[in-house]
Structure formats: C-alpha cells, structure tokens
Amino acid sequence: MRAAGVMLCLILAGCGGGKQKSGRTLDASIEKLIPPDTVVLGGVSVQPVLKSPLYARLLAEQKEPEQLREFERATGLDLKRDLSEVYFASNGKSGLMFARAAIKDQAALEQALESKGASRIVSGRYNLFGNQAQAVVFLEGKLAVAGPVDLLKAALAGETGDTAKKQAVLYHLGSIPPDVHAWAVSVGGFAPMPLPQTGNLANLNRIFASLESATMTLDLSDGANLAAAGTCTDEKTAKQLHDTLRGLIGFGRLSTPADKPEMLRLFDGIEVAIAGARVNVNAVVPMDMVDYFLKQSPRR
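So that you can map any letter, position 264 of the sequence shown is 264 in our numbering, and since no number is skipped, the others follow by simple counting.
Keep in mind the hints are simulated off the structure, nothing from the lab.
Check before you lean on any hint, since a few could be wrong.
Claimed, not checked - Think about it this way: if two alpha-carbon atoms lie no more than 27 Å apart in a straight line, the pair counts; the simulated BS3-like pairs of lysine-lysine are:
| id | residue 1 | residue 2 |
| --- | --- | --- |
| 1 | K80 | K104 |
| 2 | K32 | K142 |
| 3 | K239 | K260 |
| 4 | K153 | K116 |
| 5 | K104 | K51 |
| 6 | K32 | K153 |
| 7 | K142 | K80 |
| 8 | K116 | K80 |
| 9 | K104 | K153 |
| 10 | K93 | K51 |
| 11 | K51 | K295 |
| 12 | K80 | K295 |
| 13 | K32 | K51 |
| 14 | K32 | K104 |
| 15 | K153 | K51 |
| 16 | K236 | K260 |
| 17 | K104 | K142 |
| 18 | K153 | K142 |
| 19 | K93 | K104 |
| 20 | K32 | K93 |
To be verified - With beta-carbon atoms standing in for the labels, derived distance ranges:
| id | residue 1 | residue 2 | range |
| --- | --- | --- | --- |
| 21 | A133 | K32 | 50 to 56 Å |
| 22 | K116 | R206 | 42 to 48 Å |
| 23 | E262 | A107 | 49 to 55 Å |
| 24 | P148 | L294 | 31 to 37 Å |
| 25 | Q296 | R120 | 22 to 28 Å |
| 26 | F293 | S119 | 28 to 34 Å |
A virtual CB, placed ideally from N, CA and C, is assigned to each residue, including glycine.
Go ahead and model the full structure; you've got the sequences and the hints to work with.
Structure below.
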C-alpha cells in the first residue's frame, strides 16, 4: 500500500511543460458556463475510454468505478448511450461538471428524476433537478451541467467576476493533445491531491504552492500512459521538485516487498526530467501490469 501511494503521488504531481496552442478547445456553450475563479479544468472522452482495453479489464474483474454509477443515478443519463465527453471545472474547493450528451427526450428524463425524489428548482428560465445542495440542469438536449445549486444558478445567470484564472486555464488547455482519453490543467499553485502536513511528503505542499501551471494527460490505448507537465516559479524550485520525486521513486523501490517484485517494474516505468523551471513526469503502466493490480484489489 505504501508503494502504491508513492506511485499515485508521483503520477499526479508532475510540473513542467510546454505551451503549444494547437491542442484542445471547448465549445462556446461550455466555456461561457465555466466559473470565473476556476483553477482546475479536466475532461474525459467517454466513448474512447469505454472502448479501451483497460475498461474492458475493469468490467471483466467487476471493478467498474462506482463514481460512474453515481453520475448516472444523479443525472439519469446512460454513459454508453448518451455521453460523448465529460468535463469538470473547480476553484479548488467546489465546482461544476459538464456532460456533452444526446438527450432524445428531455422532458421524460426530467420526469424520471422527479419520480426518484429530485425536486424541481426554478432559476430564471431554467429548471434544475436535485435538492437544495446539489442539482443538474439540461440545456437544449445537448448538455447536462451538475454541481452545487448556487454555482449552477450563478453560471446560468451569466454572473462574472475577475476571469484571469479562468482565462489562464483555457490558455493552457491549448497544450493538451486532442486525442488523449483524459486530461487536466491547473494554474496558481493548486495541489493535485491532499498531502500530509508533516513527514517527507509535506515538503511537496510548499513546492506545489509555487507552481504557475500544470497539465496532465492519460492515454489508455495500451495499458495506462500518463504524462504530467507544468512550470514552477523558478529553476531552484523545479530542481527541488525533481529531486523530491526522484527520491520518492527510490523510496518506493526500497519499500517494495520481496514477494512483490512486479512493483519494481512499476517504478521503472516512471521517468522524471527537468529543463530549467520545468519538470516532466511520464508513467507507463503496460497492460500486464494493469492486470496484475486489478487481480490484487478486491471485487466490488
């Protein structure tokens, strides 16, 4: 478990990265609804993920992510039938989820949610379905937006504030290749995962706070291939991050139990590189390693 935790931290913690502007863009219908204080933006290409070898393994091992089922229950949408892409936008504490969907009968979908206990909440010309804390709204049969009711109402009303963070996130979105299965971008020192306040990993909190931007992509065409990249505020901080990550790889190898030599291959598949104030992390998990980890974890 300790080694797996170190691996997860390494995969998510990359910083460094280029700024090509020929990558992904968002539809205007989604972009205008993104809250102005957004510092993290991510997305998943649903159908390619559902068709990937890794997802087929999850189904075979009865380990389909419960979050997918929760999303279907909350929205009434069917992943395999209705969705093409899912996005999330967060200010680091709360945010909205967007789903590009083909909704053939919106009225029937809304009625089905009400029959399951969802309340109809009127906000201007829109109808939200959920409770006073969380809800979902369907827009023109093409888009579902879910999240805290106050954020939904503000987005639908077109409320604006200082959009500098949002514009920075959208700028870095241009460095994401258009054909990856999942991706995320962040700005302004947002930590990609909760970290302890004491111990070896606590040092990463300070380093993350100095990040100017970070990107992550995940390709599931053959196993799991993750690339994380971003920019630190200066070369000294980038060197500290680089050395910390390399140290964690070494710690993970030393902590690998003698009866689990497969874990060594996992750490061998993680590369950390530095170029000035940029640090890049690439992690390759081949399909046989995916099979190994799936067999080690309990079925749902």
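Each hint, compared with the structure:
Annotation: proposed proximity of K80 to K104 holds, straight-line Cα distance about 14 Å (limit 27 Å). Annotation: proposed proximity of K32 to K142 holds, straight-line Cα distance about 15 Å (limit 27 Å). Straight-line distance between C-alpha atoms of K239 and K260 comes to about 31 Å, which puts the hinted pair past the 27 Å bound. About 22 Å separates the Cα atoms of K153 and K116, which keeps this hinted pair within 27 Å; it holds.
Simply put, K104 and K51 have alpha-carbon atoms about 23 Å apart, close enough for the 27 Å limit, and the pair holds. Between K32 and K153, the direct Cα distance comes to roughly 13 Å. Compliance with the 27 Å bound is thereby established for this hinted pair. A hinted pair counts as satisfied when its Cα atoms are at most 27 Å apart, and K142 with K80 qualifies at roughly 15 Å. For a cut-off of 27 Å, the pair hint linking K116 to K80 stands: about 21 Å separates their Cα positions.
A hinted pair counts as satisfied when its Cα atoms are at most 27 Å apart, and K104 with K153 qualifies at roughly 24 Å. At most 27 Å may separate the alpha-carbon atoms for a hinted pair to count; K93 and K51 exceed this at roughly 32 Å. Between the alpha carbons of K51 and K295 the distance comes to roughly 20 Å, so the proposed pair stays at or under 27 Å and holds. Taking the CA atoms of K80 and K295, the gap is near 25 Å; set against the 27 Å cutoff, the hint holds.
Between K32 and K51, the direct Cα distance comes to roughly 30 Å. Violation of the 27 Å bound is thereby established for this hinted pair. The suggested pairing of K32 with K104 holds, with an alpha-carbon distance near 24 Å, which does not exceed 27 Å. The straight-line distance between the Cα atoms of K153 and K51 is roughly 35 Å, outside the 27 Å bound, and the hint therefore fails. Note on K236 and K260: the hinted pairing is violated, with a Cα-Cα distance of about 36 Å set against a maximum of 27 Å.
Using a Cα cut-off of 27 Å, the hinted pair K104 and K142 holds, with the two alpha carbons roughly 9 Å apart. As the CA atoms of K153 and K142 are separated by approximately 19 Å, the hinted pair is consistent with the 27 Å bound. Annotation: proposed proximity of K93 to K104 is violated, straight-line Cα distance about 33 Å (limit 27 Å). For the suggested pair K32 and K93, the alpha carbons sit about 20 Å apart, so the restraint of at most 27 Å is met.
Checked against the hint of 50 to 56 Å, the C-beta distance between A133 and K32 comes to roughly 24 Å, which is inconsistent with it. Remark: the range hint 42 to 48 Å for K116 to R206 is upheld by a beta-carbon distance near 46 Å. The supplied range of 49 to 55 Å is met by E262 and A107, whose beta-carbon atoms lie about 52 Å from each other. With their beta carbons about 34 Å apart, P148 and L294 fall inside the hinted range of 31 to 37 Å.
Take Q296 and R120: their Cβ atoms lie about 45 Å apart, and the range 22 to 28 Å is violated. In this structure the hint that F293 and S119 lie 28 to 34 Å apart at CB is violated, the actual value being about 41 Å.
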